[in-house]
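**Student:** One letter stands for each residue in the lines below.
Number of protein chains: 4
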Amino acid sequence: MSSEFGKNLRVSVFGESHGTGIGVVVNGFPAGEAVDPEQLQRFLARRAPGQSRLTTARKEADIPEFLSGIRDNVLTGSPFAAVIRNTNQRSGDYKGFEDTPRPSHADYTAAVKWQGAADMRGGGHFSGRLTAPLCVAGGIALQILARKGVYVGAHLSNVGGIRDDKFPLYPTSELFNKLTSSNFPVLNAQAGAAMQTAIQNAASEGDSVGAAIECAVIGLPAGLGDPMFDGVESLLASALFGIPGVKGVSFGSGFDCVSMRGSAHNDPFMIKDGRVRTETNNSGGIQGGITNGMPLILQVGMKPTASIASMQKTVSLSRMEETEIEIHGRHDPCIAIRAVPVVEAVTALVLLDLLIGG
Amino acid sequence: MSSEFGKNLRVSVFGESHGTGIGVVVNGFPAGEAVDPEQLQRFLARRAPGQSRLTTARKEADIPEFLSGIRDNVLTGSPFAAVIRNTNQRSGDYKGFEDTPRPSHADYTAAVKWQGAADMRGGGHFSGRLTAPLCVAGGIALQILARKGVYVGAHLSNVGGIRDDKFPLYPTSELFNKLTSSNFPVLNAQAGAAMQTAIQNAASEGDSVGAAIECAVIGLPAGLGDPMFDGVESLLASALFGIPGVKGVSFGSGFDCVSMRGSAHNDPFMIKDGRVRTETNNSGGIQGGITNGMPLILQVGMKPTASIASMQKTVSLSRMEETEIEIHGRHDPCIAIRAVPVVEAVTALVLLDLLIGG
Amino acid sequence: MSSEFGKNLRVSVFGESHGTGIGVVVNGFPAGEAVDPEQLQRFLARRAPGQSRLTTARKEADIPEFLSGIRDNVLTGSPFAAVIRNTNQRSGDYKGFEDTPRPSHADYTAAVKWQGAADMRGGGHFSGRLTAPLCVAGGIALQILARKGVYVGAHLSNVGGIRDDKFPLYPTSELFNKLTSSNFPVLNAQAGAAMQTAIQNAASEGDSVGAAIECAVIGLPAGLGDPMFDGVESLLASALFGIPGVKGVSFGSGFDCVSMRGSAHNDPFMIKDGRVRTETNNSGGIQGGITNGMPLILQVGMKPTASIASMQKTVSLSRMEETEIEIHGRHDPCIAIRAVPVVEAVTALVLLDLLIGG
Amino acid sequence: MSSEFGKNLRVSVFGESHGTGIGVVVNGFPAGEAVDPEQLQRFLARRAPGQSRLTTARKEADIPEFLSGIRDNVLTGSPFAAVIRNTNQRSGDYKGFEDTPRPSHADYTAAVKWQGAADMRGGGHFSGRLTAPLCVAGGIALQILARKGVYVGAHLSNVGGIRDDKFPLYPTSELFNKLTSSNFPVLNAQAGAAMQTAIQNAASEGDSVGAAIECAVIGLPAGLGDPMFDGVESLLASALFGIPGVKGVSFGSGFDCVSMRGSAHNDPFMIKDGRVRTETNNSGGIQGGITNGMPLILQVGMKPTASIASMQKTVSLSRMEETEIEIHGRHDPCIAIRAVPVVEAVTALVLLDLLIGG
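Protein chains in written order, with this note's numbering: chain X, 4 to 361; chain C, 4 to 361; chain Z, 4 to 361; chain B, 4 to 361.
Calculated from the structure, these hints are not laboratory results.
Misleading hints may appear alongside valid ones.
Since copy identity is lost for identical chains, a pair holds within one copy or between any two.
Derived pair list, reagent style DSSO-like, types lysine-lysine, alpha-carbon separation capped at 30 Å [claimed, not checked]:
| hint | residue 1 | residue 2 |
| --- | --- | --- |
| 1 | K10 | K151 |
| 2 | K151 | K275 |
| 3 | K181 | K151 |
| 4 | K316 | K10 |
| 5 | K275 | K169 |
| 6 | K181 | K10 |
| 7 | K151 | K169 |
| 8 | K275 | K181 |
| 9 | K10 | K275 |
| 10 | K316 | K169 |
| 11 | K275 | K316 |
| 12 | K181 | K169 |
Throw the hints in and build the complete structure from the sequences for me.
**Tutor:** Laid out in structure tokens, this is it:
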């Protein structure tokens, strides 16, 4: 198994939810780039639990310790490693699922694959908690990208069927900053209010809702990526599906293209400010796997949180008979809220990899 | 650049639409497995153009010559190589796009990336024609998988907004055979008729339509794949986005999960015929990146054919001014029809890779 | 950059000599395998400094902390991570080499590559100290291999021109245990005494000596490895050259084959105890990149320690003029002594990777 | 299995000695680079058999057909593919070894690994013939490198114990040209004459001799490569051990370092013509895995040809009893002669990969 991705920038995530620590090793961060630890901590805070009524009340002290690859807040060129200690486990909340797997969690598949050896407390290596080290790496990547004039932003584009506006044709870093400073990042405040009500309603019924995230990247040069299997879509999708709960990844028009005709879907070329641009951006900034200089646009579909309060059907693996379970503990009613910075982090890491490989 | 994918089964596709030949090299095909060349040819015929009114009238003699890795129709264990000669090029149809890139094709990005060196006649290495060698490799993978009791099937699940039925909870190889023998593979004949009308209407207007493909795999053991970035979704999505025209890839409930609640989305475990199963399959047969023994279900969204008959806006790269082009030649009004076997092929290659890796 | 190796078993080493910590992440350790921490600590002690007059007097508390991938001394299947804190740095010993690179160290190349950003105190990421985490991973691999009947052993086969005996045609695990329990592992005690004298003589003159290590692996099945670039020699050599100070890697007859005739070099096949064996083993247990069931034999040539006491010529990079330096601090007069377990560790990791990939 | 190497330049070799064809696919050749086919053919001729009394009399029409990735002798940027047809097989010469494996060939290991499915006629995929496509790729890499001011040269440094001179501290491209134009490339003509006599003597007795090849690369910038497992030595060794018959690979002082003291082995830095240089080059141009701007120096040890005329002991695998075989056919008495350009080719490909990756 390999919890790694990347080519010139290799990201390796380790840890189990209730083990000693979780962390990340990155090979290939460019030497000499500064890291602003406070900016990084603010980024991590967006992913951390306990920020609002809509996210779990768990408190995690997600403060990474840097082990190597950085000195005096400057990347040294050798492998970067950071660890986050696991301090606030309440394993009692998670006992008892090794025999009775939680529906739509990885308990059953881990049991089949690792024959009982896995440390699945709190979801083990499959836990959403593993996105914290991913955000450490991605938060650094975002800082490096910004220095190159490349900015990444994301918002909740659909929660439980309630749609936010789409990104405009040319999103700006100001717009991204506005999203970043909100703890419920949407473009349309009314839609956002409706979404929050939907989440609260689900939460009050012990239920959860799914959501979609739209992510944009501006400032990318044309020419990144390669045809076929090393296309930008392949690289991004491969990494994004590594985020727990992702059920779909699409680019530009995404699955909407299915209902479109070519005459409407094709992006006519035009000249704007002396540069080649397209009038529309159904291509999502990628043509033939290669960036075309337009904003890169992608969508991620995230399932509703699998941990819900109601009694659920499951089986006892030891007795091979049907039974029921009830999942206690504190859970996000909509995992996508905290996944917004994770999508930004993963997207940033993939694009920095491409920029390094030049 | 790297037109390759896979780990234990490495697939490398080469060729340009109007060059000498296109082909594929596969490292890792298991030694001793037989290849039925007639069955392979029938599979290739499903992708080949010129089969019906709905596909392009071009005739391509897609008969692969095996160069290595096979003797007397048995795989030898050393690298498999096959080449298909390009014989029926009508380059005249494609002249003139190096300076005036076709909208939503790779002409512009190739020009930026390769600075005029690319052989972009007929789309060059970006051409849908490159899916022919992919189908040679995938067609062999399908034969090997079938011998292991693993079957792959696919249908047009949505054409231009007209929806086919979804696969039943437990698709069968008989159902797949029925789809395979049709040159317009759908589950619901009425929907299929409406789709064909929609395609013909678009074609008669010199236009094209987008479509979605649903693909299922049955017979997979539980336990394939790994958490995070080597999850089954990551591996499949990475390869599937290598198919020209794919805008989205999703699994199980896909983007529909966005509008669902956890109580409806979770797949309750049950015992069926002495095996652990789930009552629903929103997980698409994958939990935590690992197969759970249920049918694997995925969706691919394909954009409408970019080559349409109407006059389109573009730019002259040399003069940096706006202009128009008209694309002649023969083109599929709906590329997804011929992409159905390509999705099957790529899916089969990724899964055989996982099965080999154990 | 990528301080990683392996395919199914991915080993990633991080850290700088005088940074916060050094460590290793391993993806792919088989779930359910036990780790004996005391046996591991004994293995690490063989690499640790300060064991005898012939190794540096530095004391390093090389006690790894396990962060993930292991619970109750059993591997869980998810990424294994371990960290060793750097506690005993005496950076003063290493000051001043950023401008005046030490001959035959990596100071100059790191300065060119990372433009001054590198943390090169104590050799930084290039330090022999980085072999400690490698031995943590390798020590675990050795325990897993032993349970599969595969044993790895090594000895100092040549120190400063004084040759030890070669391994017999069929080394045994008993012989390996004898070598392991010695802190100067040789087969011929007389040769060993002469080697130690040579090392002490060099040390007393502020100088150092080179050495060769012969390593053997028994119990391997025939059929591991692949032709050409994934041959066992390629995989082992690639990893072994990652050990600081290695100048050459060879297999079986090694460079002696240059002076031999085919009639003497060919290994005749024979039947022994019902198994196919060879009468001699110039092939080193590998033919066509694939193991043949005979003991695997390899040699590693290690240069004399670059840190010597005498005044040496160098240049000032800032002033671009010639100057001299004197290296203080405590250094091994023969790095190969402590490298013996490192060679075993790396060899074990590569072979476990192959066995897992099967 | 994977007959591939490289990261940014991916080389994939396919084919079996007596199959339909052998060939190579290269991903990553830079677009726009010209290929001189006559110069390439001259390079291939150096590897081809039948040039002198010292090489086999077999005639192979090693004229590659370019399938893709090149148009009008300019690389297009998409995957390069070339095939060489197998036309002159005399399979009769090779019959009968599937049951009675030839000593020190891959017959036995292939039989174990592929259970009889392998096409081992003429050595199958393990044949030295597979170095022809490798030379097609490498010959192109050499042309590209030369345009960047990087030159690769090699000579027979030791044949059967007779030593040639070593390369001077600063070899020149003129020296390389002189070696290239000889069909017995040595620096010292007298040594060369003695070597040829030794080879003829062995040949007349139906025997063969081993040899070493020294290879140098000039014009490389400092800073290529990475610490540890992606060091230049690791990358080169991994690829060079893919050449059939290689038993050892070393750099700079190589295994001679074993008998040296640090005071003699260390390379003092100096300023020469305004650049940082070293007075000696025991480091072989590489320190800490990274090039230091001095000539890169490596050695390859090649075993004596395994195919010799005398009766040899082997076993019958079907009857599991000892027997004898006699190998007919035409064989090089010293495979290293024709391996000289192969070593150059592989070295060039690895270094071009590093230069592309930046």
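**Student:** With reference to the structure, classify each hint as holding or not holding.
**Tutor:** Checked hints:
no. : hint          : in the structure
1   : K10 <-> K151  : both (20 Å within a copy, 25 Å between copies)
2   : K151 <-> K275 : within (22 Å within a copy, 37 Å between copies)
3   : K181 <-> K151 : within (20 Å within a copy, 48 Å between copies)
4   : K316 <-> K10  : neither (42 Å within a copy, 37 Å between copies)
5   : K275 <-> K169 : within (22 Å within a copy, 44 Å between copies)
6   : K181 <-> K10  : neither (32 Å within a copy, 40 Å between copies)
7   : K151 <-> K169 : within (25 Å within a copy, 46 Å between copies)
8   : K275 <-> K181 : within (26 Å within a copy, 51 Å between copies)
9   : K10 <-> K275  : neither (34 Å within a copy, 37 Å between copies)
10  : K316 <-> K169 : between (38 Å within a copy, 25 Å between copies)
11  : K275 <-> K316 : between (58 Å within a copy, 14 Å between copies)
12  : K181 <-> K169 : within (15 Å within a copy, 41 Å between copies)
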